[in-house]
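Engineer: This is what each chain is made of:
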Amino acid sequence: MNAPTPNIFAATPLARKKQRREQLARAVFFTMALLLVVPLVLIVTYLVVQAWPVLSWEFLTTNPKRGMRAGGIWSALLGTFYLVGFSLLVAAPIGILAAVYLNEYAKDNWFTRIVNLAVINLAAVPSIVHALFGLGAFVIFFGLGKSILAASLTLAIMTMPVIIASTKEALAAVPQSFREACWNVGATRWQTIRHVVLPNSISGILTGVILQVSRAAGETAPIMFTGAVFFKAIEEGNLFAYGLRDQCMALSMHLFTISTQVPDVPHGLPFATAVVLLGTVLFINALAIILRVWLRSRKKW
Amino acid sequence: MNHFSITTRDLNLWYAKFQALKNVTVNIPQGKITGLIGPSGCGKTTLLRCFNRINERFGYVTTTGEITVLGQNILAPDVSLIELRKHVGMVFQRPNPLPISIYENVVFGLRIHSERRDLRKSELDDAVEKALREVLLWDDLKDRLQHRATGLQLEQQQKLCIARLLPLKPQIILMDEPCSALDTAGTLGIEELMRALAGHYTIVIVTHNMGQARRVSDECVFMLMGEVVEHAKTTDLFLTPKDPRTADYIEGRYG
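Going line by line, the protein sequences match chains A and B.
Last residue of the first sequence: 302 (the numbering used here), numbering continuous.
Last residue of the second sequence: 1120 (the numbering used here), numbering continuous.
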């Protein structure tokens, strides 16, 4: 037999060098991913550790007492739920349906392109500008006064462009061939949207909406001008304690108030408020993620 | 031994629990065109993808047995995938030119496999001309080398994908249904090119098209359910198949 031939596929010096660079690149990417995760974990851990002594069921269900220096956060927690809930109730249907029109019906001409551009630009407007708009339009011009209604509408105006943009992206990700298949059995556009486009993009649409929940819950500026107040006591344990025309407290603003405006607040209180705010957002996200996983498990491709 | 470019012995391959290849033992002759034929899902593409170990991207693939390429067991630990793929190129079902110029597509491999300072403009120019001449594209494309490769006709794109392999001087070219996205004229163009390349390169082609297997291949391997049923010279396999299953398949009774 032949003498063993040298391995022609053995790594050359260049290949080894490439391999080393590959490992270096991998290490860099991994480090970056780690840098992303570590602060997050540290922040959350720190918050929870600081907040732990204060957190209790009672903390959630009692109003603040003694000039915010004691008691719980009930009126702020409920206020945040009202604000986020009503703003979504307005922003989600309008945003999603508008996006459906823009993506499925509108012709690609200069006008739609300008609308699309405007939507993207609107999404980038700072929230303080939305706050001023809300103050001028809803509070003063429409005469809603400083109220939950005015604040929710302001939050809705703020979140809508992003919902439109993300919904459009989700719709555009549905393969065109699905639509063609549908049209070619004689389906109308609406039937196509109803039976094929929406079911296959719903998880993407939800993702966009969920992200806006977190944003609406966390924003302080827009509600400060239009409906949130420093302190308001409401009936404890009653989920319908606020009316739409009432002013309300909100977690984000409450956190701002007790950390910067009120002297001698017990150390754990702001941390506990922050943890509740974080927990509320996580809770809503978790619900939406479960819904999304369930919807996606029915997706066939 | 040396007139075989690729030999496998008792090659088994599993995708998770599903066994896609069962005790495959084949010898692919050097400088010839070998066709892999069989119904969809018979494992011919899987076998093809074993020859440059591209299956391994998927973490759940298990391989046992032996694959020898150019006299070297490629499952050995000291085999560098970088070097292996330099010697064993692959052409895919849909032409996949990179979204850069024609020129850059052809020299892409050279740039990947050399240090920047070792590449001279004149060498690259020569490599492009040589590769494009080999795939019969030079006369058509020489005046628009800086155009985008994705704007070419599909047949030209596929030829360009073959040309992209050549500057690295591969000994083996694997083709996975290279004509299934092309029309009749495009298919004939690629087949003509394959005949021109045979001899210089060992070509293994997966095809669903019996006519194509007959026209271009020197030898044919018929596979079924992950096993090699028959391997013979193309003329023999099509005229006097030994196994009744081969006869049924090539006469179009199933598949």
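Think of the hints as simulated: they come from the structure by calculation, not from any bench.
Misleading hints may appear alongside valid ones.
As the list claims (entries may be wrong) - Distance windows between CB atoms, simulated:
#1 A/288 to B/1045: 43 to 49 Å
#2 B/957 to A/133: 32 to 38 Å
#3 A/288 to B/1050: 53 to 59 Å
#4 B/963 to A/13: 23 to 29 Å
#5 B/964 to A/196: 31 to 37 Å
#6 B/881 to A/62: 46 to 52 Å
#7 B/1019 to A/29: 36 to 42 Å
#8 A/41 to B/923: 29 to 35 Å
#9 A/23 to B/959: 55 to 61 Å
#10 A/141 to B/963: 27 to 33 Å
#11 A/260 to B/959: 35 to 41 Å
What the hints assert, rightly or not - Each computed BS3-like pair below joins lysine-lysine, with the alpha-carbon atoms no more than 25 Å apart:
#12 A/19 to B/1034
#13 B/986 to A/18
#14 B/1107 to B/887
#15 B/1034 to A/18
#16 B/995 to B/1034
#17 B/986 to A/19
Beta carbons are placed, not taken as given, at the ideal position from N, Cα and C, and that holds for glycine.
Engineer: State for each hint whether it applies.
Structural biologist: Outcome of the hint check:
Checked against the hint of 43 to 49 Å, the pair residue 288 of chain A and residue 1045 of chain B passes, with Cβ atoms roughly 46 Å apart. Between residue 957 of chain B and residue 133 of chain A the Cβ separation comes to about 56 Å, which falls outside the hinted range of 32 to 38 Å. In this structure, residue 288 of chain A and residue 1050 of chain B meet the distance hint of 53 to 59 Å, their C-beta atoms being roughly 58 Å apart. Evaluation of the 23 to 29 Å hint for residue 963 of chain B and residue 13 of chain A yields a pass: the beta carbon distance comes to about 24 Å.
For residue 964 of chain B and residue 196 of chain A, the Cβ-Cβ distance of about 35 Å falls inside the hinted range of 31 to 37 Å, so the restraint holds. As the Cβ distance of residue 881 of chain B to residue 62 of chain A is approximately 51 Å, the hint placing it in 46 to 52 Å holds. Take residue 1019 of chain B and residue 29 of chain A: their Cβ atoms lie about 39 Å apart, and the range 36 to 42 Å holds. The hinted window of 29 to 35 Å between residue 41 of chain A and residue 923 of chain B holds, with their beta carbons roughly 31 Å apart.
As the Cβ distance of residue 23 of chain A to residue 959 of chain B is approximately 27 Å, the hint placing it in 55 to 61 Å is violated. For residue 141 of chain A paired with residue 963 of chain B, a C-beta distance near 58 Å fails the hint of 27 to 33 Å. A hinted range of 35 to 41 Å is violated for the C-beta pair residue 260 of chain A and residue 959 of chain B, which are about 58 Å apart. Straight-line distance between C-alpha atoms of residue 19 of chain A and residue 1034 of chain B comes to about 20 Å, which keeps the hinted pair within the 25 Å bound.
Our distance criterion of 25 Å between C-alpha atoms is met by residue 986 of chain B and residue 18 of chain A, whose separation comes to about 23 Å. Proposed proximity of residue 1107 of chain B and residue 887 of chain B is supported: the alpha carbons are some 20 Å apart, at most 25 Å. Of the pairs offered as hints, the one joining residue 1034 of chain B and residue 18 of chain A holds, with about 21 Å between alpha carbons and a cut-off of 25 Å not exceeded. Note on residue 995 of chain B and residue 1034 of chain B: the hinted pairing holds, with a Cα-Cα distance of about 11 Å set against a maximum of 25 Å.
About 22 Å separates the Cα atoms of residue 986 of chain B and residue 19 of chain A, which keeps this hinted pair within 25 Å; it holds.
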